[in-house]
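Novice: Top line first, the protein sequences correspond to chains A and B. The first sequence begins at 1 in our numbering and counts up one residue at a time. The second sequence begins at 1 in our numbering and counts up one residue at a time.
One thing to keep in mind: the hints can contain errors.
[Unchecked claim] Listed next, with one range per pair, are the computed distances between beta-carbon atoms:
(1) LEU31/A - SER77/B: 51 to 61 Å
(2) PRO63/B - GLU50/A: 29 to 39 Å
(3) ARG27/B - LEU31/A: 32 to 42 Å
(4) GLY264/A - ARG27/B: 34 to 44 Å
(5) ARG72/B - GLU298/A: 55 to 65 Å
(6) ALA232/A - ARG27/B: 41 to 51 Å
(7) GLU51/A - GLY397/B: 49 to 59 Å
(8) ARG27/B - ARG295/A: 52 to 62 Å
(9) GLY193/A - PHE61/B: 50 to 60 Å
Hints were generated in silico from the structure; no laboratory data involved. Just so you know, even glycine gets a beta-carbon here, dropped at the ideal spot from N, CA and C.
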Amino acid sequence: MKVAVLKGGRSLERSVSLRSGARVEDALERLGHEVLPLEADGALVRRLAEERPDVAFVAMHGLGGEDGTAQELLEILGVPFTGPSVAACVRCIDKSLSKHDLRAAGIPTPDWFAFNETAFRELGAADALGGLEERLGFPLVVKPSRGGSALGVKFAKSQSDVPAALVSAFSYDDRVVLERFVDGRELAVSVLGGEPLPIVEAILRAGDSYDFEARYEIGRTSFICPAQLGDAEATAVTEAAVAAYDTLGCSGFSRVDLILADDGPQILEVNAIPGLTDTSLLPQAAEAAGMSFERLVERIVDLALMAAAR
Amino acid sequence: MADPPHRRRAHVRSSDLERYAGLFAQRTQVMRSSAMRDLMAVTARPDVISLAGGLPDTSTFPPQTFAAQMTRIAQESAAEALQYGPTEGFRETVDCIVEVMGAEGMLPDPEDVIVTTGGQQAIDLLCKTLIDPGDAVICEAPTYPGAIPVFCSYQADTIQIECDGDGMRIEELEAALERLDGEGRRPKFVYSVPTFQNPAGVTMSLERRRRLVELARSRELILVEDNPYGLLRFGGESMPPLYQLDGGDFVIYIGTFSKILSPGIRLGWAVAPPPVMEKVVLGKQASDLCTSTLTQYFVREYFAAGRWREYVSSVSEIYRERRDAMLEALEQHFPPQATWTEPQGGLFVWATLPEYIDTGDLLAKALRKDVAFVPGQSAYVDDRGRNSMRLNFSAGGEDEIREGIRRIGRVIAEQVELYGALTNPAASSAPAPAKESDMDSPGLPRPGAAGSKRVGGDVLPFRKAEGE
Numbered sequence: 001m002k003v004a005v006l007k008g009g010r011s012l013e014r015s016v017s018l019r020s021g022a023r024v025e026d027a028l029e030r031l032g033h034e035v036l037p038l039e040a041d042g043a044l045v046r047r048l049a050e051e052r053p054d055v056a057f058v059a060m061h062g063l064g065g066e067d068g069t070a071q072e073l074l075e076i077l078g079v080p081f082t083g084p085s086v087a088a089c090v091r092c093i094d095k096s097l098s099k100h101d102l103r104a105a106g107i108p109t110p111d112w113f114a115f116n117e118t119a120f121r122e123l124g125a126a127d128a129l130g131g132l133e134e135r136l137g138f139p140l141v142v143k144p145s146r147g148g149s150a151l152g153v154k155f156a157k158s159q160s161d162v163p164a165a166l167v168s169a170f171s172y173d174d175r176v177v178l179e180r181f182v183d184g185r186e187l188a189v190s191v192l193g194g195e196p197l198p199i200v201e202a203i204l205r206a207g208d209s210y211d212f213e214a215r216y217e218i219g220r221t222s223f224i225c226p227a228q229l230g231d232a233e234a235t236a237v238t239e240a241a242v243a244a245y246d247t248l249g250c251s252g253f254s255r256v257d258l259i260l261a262d263d264g265p266q267i268l269e270v271n272a273i274p275g276l277t278d279t280s281l282l283p284q285a286a287e288a289a290g291m292s293f294e295r296l297v298e299r300i301v302d303l304a305l306m307a308a309a310r
Numbered sequence: 001m002a003d004p005p006h007r008r009r010a011h012v013r014s015s016d017l018e019r020y021a022g023l024f025a026q027r028t029q030v031m032r033s034s035a036m037r038d039l040m041a042v043t044a045r046p047d048v049i050s051l052a053g054g055l056p057d058t059s060t061f062p063p064q065t066f067a068a069q070m071t072r073i074a075q076e077s078a079a080e081a082l083q084y085g086p087t088e089g090f091r092e093t094v095d096c097i098v099e100v101m102g103a104e105g106m107l108p109d110p111e112d113v114i115v116t117t118g119g120q121q122a123i124d125l126l127c128k129t130l131i132d133p134g135d136a137v138i139c140e141a142p143t144y145p146g147a148i149p150v151f152c153s154y155q156a157d158t159i160q161i162e163c164d165g166d167g168m169r170i171e172e173l174e175a176a177l178e179r180l181d182g183e184g185r186r187p188k189f190v191y192s193v194p195t196f197q198n199p200a201g202v203t204m205s206l207e208r209r210r211r212l213v214e215l216a217r218s219r220e221l222i223l224v225e226d227n228p229y230g231l232l233r234f235g236g237e238s239m240p241p242l243y244q245l246d247g248g249d250f251v252i253y254i255g256t257f258s259k260i261l262s263p264g265i266r267l268g269w270a271v272a273p274p275p276v277m278e279k280v281v282l283g284k285q286a287s288d289l290c291t292s293t294l295t296q297y298f299v300r301e302y303f304a305a306g307r308w309r310e311y312v313s314s315v316s317e318i319y320r321e322r323r324d325a326m327l328e329a330l331e332q333h334f335p336p337q338a339t340w341t342e343p344q345g346g347l348f349v350w351a352t353l354p355e356y357i358d359t360g361d362l363l364a365k366a367l368r369k370d371v372a373f374v375p376g377q378s379a380y381v382d383d384r385g386r387n388s389m390r391l392n393f394s395a396g397g398e399d400e401i402r403e404g405i406r407r408i409g410r411v412i413a414e415q416v417e418l419y420g421a422l423t424n425p426a427a428s429s430a431p432a433p434a435k436e437s438d439m440d441s442p443g444l445p446r447p448g449a450a451g452s453k454r455v456g457g458d459v460l461p462f463r464k465a466e467g468e
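Work out the full structure, taking the sequences as your base and the hints as a guide.
Specialist: What follows is the structure, encoded as structure tokens:
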């Protein structure tokens, strides 16, 4: 089978995508497929039209690859592709959008406000910031609404930190989310074809916060999989994660990031196309379930073909 | 016969990672690959105007000269040029080094010189020779971003001393030394790029140079002078290197051919007193046995032709024009809240923005406009420098520099305006003027002080110490 691997692109997570892509290409080759590595650049559509792959493995992260853009092109070209649909990608990449959907479906997610840059520039939204203390409390988390990694995520300890944190977050997107900080265990549930994989817990080396660097660097964060949880806790976490996956219309595979607080799980975000690098969580979870990386890749490809056949 | 199968790295499983994680030396914990590196990966896109690198312009080096010299080496000395060489380097290379240092008024004993694989290896070897984990090392704030990973990988306790337009502030250095005294500690060395500093572009004043050298003598303190840019001067009066002022007793000197000839040949050097040199040579033997013989032959040929000074003048002239283009563009496109240095040589301008702008985040925004710079934080071991940036003017043409600065100026202006709207919503319809408190923040000149941006010579984006 001829499998195109889409990777790279212009997103800030370009280098992560290149690492995911390289690893997927490796696995596909070992599985005996004809691999067509495709850098997501100006020649992408032409190459896809010329090469007519049987399926495209989308190993792109962040804007351009994880937001439905690449998926939309693949739909136009009639090439089956891995991972969630255009609509699911659009919902997942935008935290303010996905949080609304989650809340409407009764799935717990921390309280938040989302603002456009225009709201501040033209509508005087800054006047509304005074109410943050009362509504969300401090510290609060300020993050770009769209974007996969922890880039641009800031913690505001008090009201006076908020403007600079907003300026930072607006560097990445024209919409930002101000979210109540929830203290608890950091968990990730990867969902493969609607089925949850073992829960991964991220434990930081003392003094670190789980930022962009910790995410991709060996040794900064230790991951425990399966996470040590009581049965009731594990069930609550898994159910919340699968419900989030379903609510946002994900298919193929995705990863749900959440915090397990004293009063139960709180969904932070759903990554439509989670990382597939050496340090990524989805491959770790698959391995804990006894699934090699090759089998994981094969399963993801099969799910894409099954979805296309329907 | 079929091609042998392409060797692919075996599949790495997370359990393997755990196994490796257990094997890593402690020092790898501080060798941090950074988020910045991932951002910088994006700057490698061909459509990005990069003011981020530190590349000298090698495009004007005459290819005919290169070809003729390499041909002569091939014809006359192929066997020797392809062989190992002495760890210290060839005497002929050292003669070229003595000539280069002589051009800045220094007279090293050839016996004190070791040829290294770039100036970077000289930094590494000195750390290897002098640093035990936890030892104190002092450097400037900001300092050469490439020195930080070296200090970190030897697990040094790096202490940074603020700079202003006249270089490292000696009073602060003295205070830091006192503090260390109180803890019963002695720094292994003070690392400085006194001339056209990377990243700040500032040059240490003669008075401070003298004070620094006196301090080193009275305290028996080693100064490591890294001087890659000294010959790339295009304004102001030349300044004696610390090595010249001290005579080489307490100053270990690091030089390089990278900026005056080519970084691709990877040739640098260190000059150190014999007891230190002995250890450095042993360290180099362990690292790579010897510096490239082939490129040492090239340097020998090149210097024999006797036109190296001409070439240095010609690239300096190019850099002067590019610096001018950058300073003009900064004046035109950066908002009034920004300040920057006006270097009289070297490759870099250092710009400082209002405190609320994090240049790491700004870089993400700038990359969307296809332009890149080095966020200031990479020049600090701590949290400082978050509102500053290093801008390179040697790598690109003048039009590219102007366009790059224009684009960065735009994204800064957007952030300044947004911050105004966030902190002063009533005035948000019009771009908010900078607040006094922003201008009064550390790292920025006070309003009205020395006419904000411009001061003759090396300009002051930094605080001036009281009484200095």
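Novice: Now, for every hint given, state plainly whether the structure supports it.
Specialist: Each hint tested on the structure:
1. Checked against the hint of 51 to 61 Å, the C-beta distance between LEU31/A and SER77/B comes to roughly 53 Å, which is consistent with it.
2. Our hint of 29 to 39 Å for PRO63/B and GLU50/A holds, since their Cβ atoms are close to 38 Å apart.
3. The given range of 32 to 42 Å is respected by ARG27/B and LEU31/A, whose C-beta atoms sit roughly 39 Å from each other.
4. In this structure, GLY264/A and ARG27/B meet the distance hint of 34 to 44 Å, their C-beta atoms being roughly 42 Å apart.
5. A hinted range of 55 to 65 Å for the beta carbons of ARG72/B and GLU298/A is consistent with their spacing of about 59 Å.
6. The beta-carbon spacing between ALA232/A and ARG27/B, approximately 43 Å, falls within the hinted interval of 41 to 51 Å.
7. Between GLU51/A and GLY397/B the beta carbon distance is about 38 Å. The supplied range of 49 to 59 Å is therefore violated.
8. Taking 52 to 62 Å as the suggested C-beta distance range, the pair ARG27/B and ARG295/A does not conform, at roughly 37 Å.
9. Checked against the given bound of 50 to 60 Å, the beta carbons of GLY193/A and PHE61/B, roughly 58 Å apart, stay inside it.
In this structure, the earlier hints numbered 7, 8 are contradicted, and the remaining ones agree with it.
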